[in-house]
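**Student:** Assemble the complex: chain P is given as a structure, and chain X must be docked to it using the hints.
Here is what each chain is made of, one letter per residue.
2 protein chains.
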Amino acid sequence: MSITLSSASLPVFRNALTHLHHLLEKARADATARGYDPQVLVAYRLAPDMLPFKSQVFIACDAAKLCAARLSGLEAPKFDDTENTLEELQARIQKTIDWIATVPASAVDGQEAREITFPVGKTASRTMLGEDYLKTWALPNMFFHITTAYAILRHNGVPLGKRDYLVGAGG
Amino acid sequence: MSITLSSASLPVFRNALTHLHHLLEKARADATARGYDPQVLVAYRLAPDMLPFKSQVFIACDAAKLCAARLSGLEAPKFDDTENTLEELQARIQKTIDWIATVPASAVDGQEAREITFPVGKTASRTMLGEDYLKTWALPNMFFHITTAYAILRHNGVPLGKRDYLVGAGG
Numbered sequence: 786m787s788i789t790l791s792s793a794s795l796p797v798f799r800n801a802l803t804h805l806h807h808l809l810e811k812a813r814a815d816a817t818a819r820g821y822d823p824q825v826l827v828a829y830r831l832a833p834d835m836l837p838f839k840s841q842v843f844i845a846c847d848a849a850k851l852c853a854a855r856l857s858g859l860e861a862p863k864f865d866d867t868e869n870t871l872e873e874l875q876a877r878i879q880k881t882i883d884w885i886a887t888v889p890a891s892a893v894d895g896q897e898a899r900e901i902t903f904p905v906g907k908t909a910s911r912t913m914l915g916e917d918y919l920k921t922w923a924l925p926n927m928f929f930h931i932t933t934a935y936a937i938l939r940h941n942g943v944p945l946g947k948r949d950y951l952v953g954a955g956g
Numbered sequence: 786m787s788i789t790l791s792s793a794s795l796p797v798f799r800n801a802l803t804h805l806h807h808l809l810e811k812a813r814a815d816a817t818a819r820g821y822d823p824q825v826l827v828a829y830r831l832a833p834d835m836l837p838f839k840s841q842v843f844i845a846c847d848a849a850k851l852c853a854a855r856l857s858g859l860e861a862p863k864f865d866d867t868e869n870t871l872e873e874l875q876a877r878i879q880k881t882i883d884w885i886a887t888v889p890a891s892a893v894d895g896q897e898a899r900e901i902t903f904p905v906g907k908t909a910s911r912t913m914l915g916e917d918y919l920k921t922w923a924l925p926n927m928f929f930h931i932t933t934a935y936a937i938l939r940h941n942g943v944p945l946g947k948r949d950y951l952v953g954a955g956g
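Sequence lines, in order, name chains P and X. Under the numbering used here, the first residue of the first sequence carries the number 786, and numbering increases by one thereafter. Under the numbering used here, the first residue of the second sequence carries the number 786, and numbering increases by one thereafter.
Chain P extracted, bound-state conformation (with noise of 0.2 Å):
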């Protein structure tokens, strides 16, 4: 069985965004234990200008939902980035997971040379082909945003290792 498009991106989305769920759900767990107020952990940012945790979720889970949306030609659910709790974003990150799983392979695999073009910040925007977008922008980007929250956790002392990150891997 070779590597495809579908199999180098959809289930990485999916194996990622569910070790970003346990990770959420070990900050809830460090919460109840130690007694604090778990929204110090949805706003807590690693310098001023850095974006909130919350954000790190939003961002993570976007930056799949839309390049498995982008590649398959499929439209993705819009989410509004209301969630402000741990709990709601645990659901955030559930439908985005959801949302991946219908996508079928046969819609992402081939487009590897097809021009992708998407918006990057407000009024920028950027064309890669599928191959290069999925491989050089969106999983750096979803791996980026998984890891500052769980920075952001781990510098706030909620007890993870990297296991946690990579738990099941390979499952």
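Worth flagging that the hints you see were computed from the coordinates, not collected in a lab. Just to be clear, a hint being listed does not mean it is correct.
Identical chains share a label here; the pair holds if one copy fits it or two copies do between them.
[Unchecked claim] The calculated lysine-lysine pairs, modelled on DSBU-like cross-linking and capped at a C-alpha distance of 35 Å, are:
id: 1; residue 1: K811; residue 2: K880
id: 2; residue 1: K947; residue 2: K811
id: 3; residue 1: K907; residue 2: K880
From a predicted model like this one, the values you see are computed outputs, not experimental measurements.
**Tutor:** Frame of chain P, contents of chain X only:
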């Protein structure tokens, strides 16, 4: 042109490590501009029981190098983790990029279903198929440590934006 195991790995490693090299360049410039000791960054941790910045660089390099080696069956050069300045860490990154550039695509392609056994931690090991090892272990691991390095720098005020992490993407 369909995606292949080599196209999904070798250029992704080189691209991401090139960005990591760039992050350290900006860290050096920031230390000079603000007049602080760059060794503070080299040793910095986001939590007292997390690995320091330099180890994030070591592991990012090794995740890529060892995956290229294991998929291709080639022997990777061994590095002894003795680097202890930003310049030395940049040299380590460059040596890794340079070695990966010598791995022929033909040695990696077709290895999707080969079982690969690799050490996990000090005493355990794990076995995965080649494609799964790349997608659910090596790539997430490399991006994890590059992003953690980024987070450490950003937390310390190095003027970075996501463009620095994705710069040159699609190039």
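**Student:** First find the shortest C-alpha distance between K947 and K811 inside one copy, then the shortest across copies, and answer within, between, both or neither for a cut-off of 35 Å.
**Tutor:** Answer is both: 13 Å inside a copy and 27 Å across each meet the 35 Å cutoff.
**Student:** Using 35 Å as the alpha carbon limit, work out where K811 and K880 are close: within a copy, between copies, both or neither.
**Tutor:** Answer is within; shortest intra-copy Cα gap is 19 Å, inter-copy 38 Å.
**Student:** Could you figure out if K907 and K880 sit no more than 35 Å apart (CA to CA) within one copy, between two copies, both or neither?
**Tutor:** Within one copy only: 25 Å inside, 37 Å across.
Hint compliance for this structure: every hint is met.
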